[in-house]
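For the record, the sequence lines run as chains A and B.
For the first sequence, UniProt numbering begins at 1 and goes up steadily by one.
For the second sequence, UniProt numbering begins at 1 and goes up steadily by one.
No lab work stands behind these hints: they were computed from the structure.
Note that the structure is predicted; figures quoted are calculated from it, not measured.
Even for Gly, the Cβ is constructed at its ideal location relative to N, Cα and C.
A portion of the hints provided could be inaccurate.
Partial chain B-side listing against chain A, Cβ under 10 Å, derived [to be verified]:
id: 1; residue: F17
id: 2; residue: R38
id: 3; residue: A42
id: 4; residue: G44
id: 5; residue: D118
id: 6; residue: R143
id: 7; residue: E169
id: 8; residue: T208
id: 9; residue: Q252
id: 10; residue: P298
id: 11; residue: A300
id: 12; residue: Y304
id: 13; residue: L306
id: 14; residue: R309
id: 15; residue: K323
There are 2 protein chains.
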Amino acid sequence: MIEAALRSGRAHRECVFEVFGRRLPGDRRYGVLAGTGRVLEAIGRFRFGAAELDWLSQQRVVDDATLAFLADYRFTGSIEGYREGELYFPGSPLMTVRGSFAEAVVLETVILSILNADSAVATAAARMVSAADCRSIAEMGSRRTGEASAVSSARAAYIAGFSATSNLEAGRRWGIPTMGTAAHAFTLLHDSEEEAFRAQVDSLGPGTTLLVDTYDVRRGVETAVRVAGPELGAVRLDSGDLPTLVREVRAQLDELGATQTRITVTNDLDEHSIAALRGAPVDSFGVGTAVVTGAGAPAAGFVYKLVARREQGSSGDWTPVAKASSGKVGRGGTKRGARLIGADGIARAEHVIIDDDHDGMPEAGFTGIEPRALTVPLMIDGEPDPAALGAAGVRAAREHRASAIAELPPEAFRLGRGEPVLPTVYR
Amino acid sequence: MIEAALRSGRAHRECVFEVFGRRLPGDRRYGVLAGTGRVLEAIGRFRFGAAELDWLSQQRVVDDATLAFLADYRFTGSIEGYREGELYFPGSPLMTVRGSFAEAVVLETVILSILNADSAVATAAARMVSAADCRSIAEMGSRRTGEASAVSSARAAYIAGFSATSNLEAGRRWGIPTMGTAAHAFTLLHDSEEEAFRAQVDSLGPGTTLLVDTYDVRRGVETAVRVAGPELGAVRLDSGDLPTLVREVRAQLDELGATQTRITVTNDLDEHSIAALRGAPVDSFGVGTAVVTGAGAPAAGFVYKLVARREQGSSGDWTPVAKASSGKVGRGGTKRGARLIGADGIARAEHVIIDDDHDGMPEAGFTGIEPRALTVPLMIDGEPDPAALGAAGVRAAREHRASAIAELPPEAFRLGRGEPVLPTVYR
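Extracted from the complex, chain A is given alone in its bound form (with noise of 0.2 Å):
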């Protein structure tokens, strides 16, 4: 596309591209935007080096001028768009990147990347961390997707609410707290479960978790307790039918006069059974594959459409743009978004505000219920908001997931497929 554009005069035309989702995925009731500091970092570092301009040249893979377009290629263009931990709804313009044809169409796949991988994430995990209802819970699938997406993962999880991760990368880059867990092998290193439990307590001290499911779970707890004393801090269950499990295991523990010693589950966990386990004494969860995959919904389905492109000519004119055939048809236009939030506090609508003017911002203008702005400058030339970045940035997410939510009526906690919570309205 750079290189036919650079040929027909059109690649350093001005243009307006944006992200969105025609749904929510899996027919939830809101989505969690994850991923838009990760995008902001992945913008400043998008060069070509020698190796990339190397291979593209030697599988003549674009021509000369393509590849001095990109050998000097560095993104100058602005972004707006919704802060990250920002809820949103189908519609919902997420971010609208200004520049060059050429320039903003060569980021499509990187912002998508990250978007609707982090977004599925955020997502699915918001739901979780409800249905856990105040417990702790810890993401724990780092291994249940790529190894890279594992990192990731775990910053979008705390994102939408999870209180520590089990990936040390993630906790090390992003400055998410970090937990461990013994596994089966552990257990299984050792001659009995005595000996193991003793080679954890000794190293670790009575405050750390011990599995408790190698062999057999009453044992378990027994020698559990007899070798870390009633000061065991956790036993963790991996298996069987939870719901009566951790009811017998409680009870077991009070009798040891272990009555402090918590109980933390883990096995498969995704929404669904957590929400059964509401009125079970666990104290913590711990979740992998759901949440990494995003509990059936793995991409956000977000899209990168061109919205609106800028007369070359004296005029200056934007022309707002969208295809126009049978199924996906688009909405042209510069959009920027408000959620309506009644005098109790609870949102009432998404509106997208369609503009003519899209140089600037367009104004909301509403009467009545309140605005909430929710599209704000993210980078400017080139350069990203420092808020946004690193650690600082996903404090601020999580901060901004826990505000946003807070806007949301009941029914937006319904675990079953439905409508969207909040209705899109365009103006």
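Based on these hints, arrange chain B on the given structure of chain A.
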């Protein structure tokens, strides 16, 4: 686990870990193993650098003895397992890792991350390849999975029989054939569809593929043939009711004399929509979301379990070990796989041979039907099999997959949910 095992004196106990899946993802008939070459490369690079060690130390994640172990870490053990591209069934011993507990347990996450993600993609992709019925099929899903998984998904899909990818980095890194398409944005950038088509044909020649569904398909096809002539390479359709639309477009192309112009379709295709186009005049398919997300099963569900440990005393005996409590009961002991092939060349069963001699390779010892040995050496004393690495490894895996698929009975290619097409027999 390593810290506690270093203190208990068990960290250097010789161990055997095994990678296997308890069931096939999505109730499919067979699985396709992918990621083996990437695992071997990742293990070769698996080191703890100064940045990681400093963080682990500052955060007091582990003690000084463990930090020293990690600083010197280099895997020196051995691995055997199924070739990349091999098919698998429940219980197939896909990878057997031999080493000290500490050096083998630390690899769990990286091994499982890669194999679970890549095999999920390959297993889904193989079904699409058979549904495409010898027509070519390109992987175009980079934007619907994490930015690093995008590259490895292209690799896994190619091993499973896809013909090309739109991911240029996969071409550069793994030698996979690449292709590109023009997006609707390219058409919308220009003042008219005709201007866009002319720009593309000027740059890429009439053999290019023109996207004809931005405005009106019938007019788009007419314009495409007018601009490129009857030598037009292909038209792409990305929306609409494809089985009907494809027939109409074929008839229109033939009327216009463009009888050699091919039709390529995209639009959220999966194995079922590809199969539904079996009778339609489609020449090639482009698949995005479904293939990179494993078409409903984004993680293969493999686990990494300790199956044997060696006595540290003078006897040096091996003890098979496995989790024994309710649910997820394992089978201890080192294993190897063999596929029983009938005189007609068709596979009959997957044999998993459990061996008592954990140092060597168990012998199959079959009579009658010919067994094909599935377990081969992959890494010896930390040195990987060079034939399994890089672009050559990818080519070998793709060829091996083709020969292994040719052994399957026809029921293997039914798309509905069902039982594995071969029974797993433990010996």
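Verification of the supplied hints:
1. Annotation: interface hint on F17 of chain B holds; nearest CB of chain A at approximately 7 Å, less than 10 Å.
2. Satisfaction of the interface hint for R38 of chain B is found here, the shortest Cβ-Cβ separation to chain A being roughly 9 Å, below the 10 Å cut-off.
3. The interface hint given for A42 of chain B is met, as the beta carbon of that residue sits about 7 Å from the closest beta carbon of chain A, less than 10 Å.
4. A distance limit of 10 Å between C-beta atoms decides the matter here; for G44 of chain B the minimum to chain A is near 14 Å, and the interface restraint is violated.
5. At its closest, the beta carbon of D118 of chain B sits 8 Å from a beta carbon of chain A; the interface hint therefore holds under the 10 Å criterion.
6. Given the 10 Å rule on beta carbons, the hint for R143 of chain B holds: about 4 Å separates it from the nearest Cβ of chain A.
7. For the restraint placing E169 of chain B at the interface with chain A, the shortest Cβ-Cβ distance is roughly 8 Å, inside the 10 Å limit, so the hint holds.
8. Of the supplied interface hints, the one on T208 of chain B holds, with its beta-carbon coming within about 9 Å of a beta-carbon of chain A, less than 10 Å.
9. For Q252 of chain B, the shortest C-beta to C-beta distance to chain A is roughly 15 Å, which exceeds 10 Å, and the interface hint is violated.
10. Using the Cβ-Cβ criterion of 10 Å, the hint placing P298 of chain B at the interface with chain A is satisfied: the shortest such distance is roughly 4 Å.
11. Look at A300 of chain B: its Cβ gets to within about 9 Å of chain A, closer than 10 Å, so that hint holds up.
12. Among the interface hints, the one on Y304 of chain B holds; its C-beta lies about 8 Å from the nearest C-beta in chain A, closer than the 10 Å criterion.
13. With a cut of 10 Å, the hint placing L306 of chain B at the interface with chain A holds, because the nearest CB-to-CB distance is about 4 Å.
14. Interface hint status for R309 of chain B: upheld, as the beta-carbon distance to the closest one in chain A is roughly 6 Å, under 10 Å.
15. Taking 10 Å as the C-beta cut-off, the interface hint given for K323 of chain B holds, the closest approach to chain A being about 5 Å.
Of the numbered hints given earlier, the model fails hints 4 and 9; all others are met.
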